[in-house]
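A.B. asks: Hey, can you work out the whole structure from these sequences and the hints?
There are 2 protein chains.
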Amino acid sequence: MIRHTVAFTLVHAPGSAGEEAFLTEGPALLSAIPGVQDFAVSRQVGAKSAYRFQFAMTFADQAAYDAYDAHPDHRGFVASRWAEEVESFAELDLVPYP
Amino acid sequence: MIRHTVAFTLVHAPGSAGEEAFLTEGPALLSAIPGVQDFAVSRQVGAKSAYRFQFAMTFADQAAYDAYDAHPDHRGFVASRWAEEVESFAELDLVPYP
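Chains as they are written, first to last, in the numbering used here: chain G, 1 to 98; chain A, 1 to 98.
Identical chains blur together in the list; that is why a pair holds if it fits in one copy or across any two.
Derived SDA-like pairs (lysine to any residue); straight-line CA-CA distance at most 25 Å: (1) K48 / G15; (2) K48 / E85; (3) K48 / D93; (4) K48 / H4; (5) K48 / W82; (6) K48 / A13; (7) K48 / V6; (8) K48 / Y65; (9) K48 / S16.
Since the hints were derived computationally from the structure, they do not count as laboratory data.
Because the structure is a prediction, the values reported are computed rather than measured.
C.D. replies: As C-alpha cells, then:
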C-alpha cells in the first residue's frame, strides 16, 4: 500500500473561481483513474507551511501507481492544468513502517 | 478534524539501532497523549523528496491539538529527542476541503 500525497499552492487567488475549479475538477478526473483509492482533498491550515492544499490517494502497489502515472488522464491533467495553475508543490510517497 | 503530519530525516544511519529506537519509542510516547488519534508511522519512499519518514496523527479539533502541543510528554520529546535526532522536517496540518 502506497499513500501518494502532494501539497501545493495555486496561482489562483484564495476563494477565487479558478481555485475552486482546480480543486473540484482535478479530483473528479484523477480519482476516476483505475487503481486510485481514497482520494482526499485537504486544506493545509498550519502556519509552519506555505502550502495551501493537498491531494492524497492510495495505490495497492507500485504497479497500480505506475499505471496511474502513465494514464492519459493523469498525463493530460499534469500538462494542461497542473503545469499552468500550480505555483509550487512537494510530493511524498508513504508506506507503513516498518 | 485536523490531520497533523511531519515528514523528517534523522541523524541516524539507515537501519541503525538509533533509527529504530526513535521510530518506535517516539510513537509509543506520543500516541499515548490524550486526544491523539490514528497515529501512523510511515517510510517516505518517493524519489522526489529527501524526507525518509513521516509521523501522522489526527485531532478532533484545535483544542485537542493545542492540548497535545502543550502536553509535557510532547514538550519533553521535542526537547530531548526531536531536537537532537531530527536533521530536517516539514509539517502540514490538513483539514478536509472545502
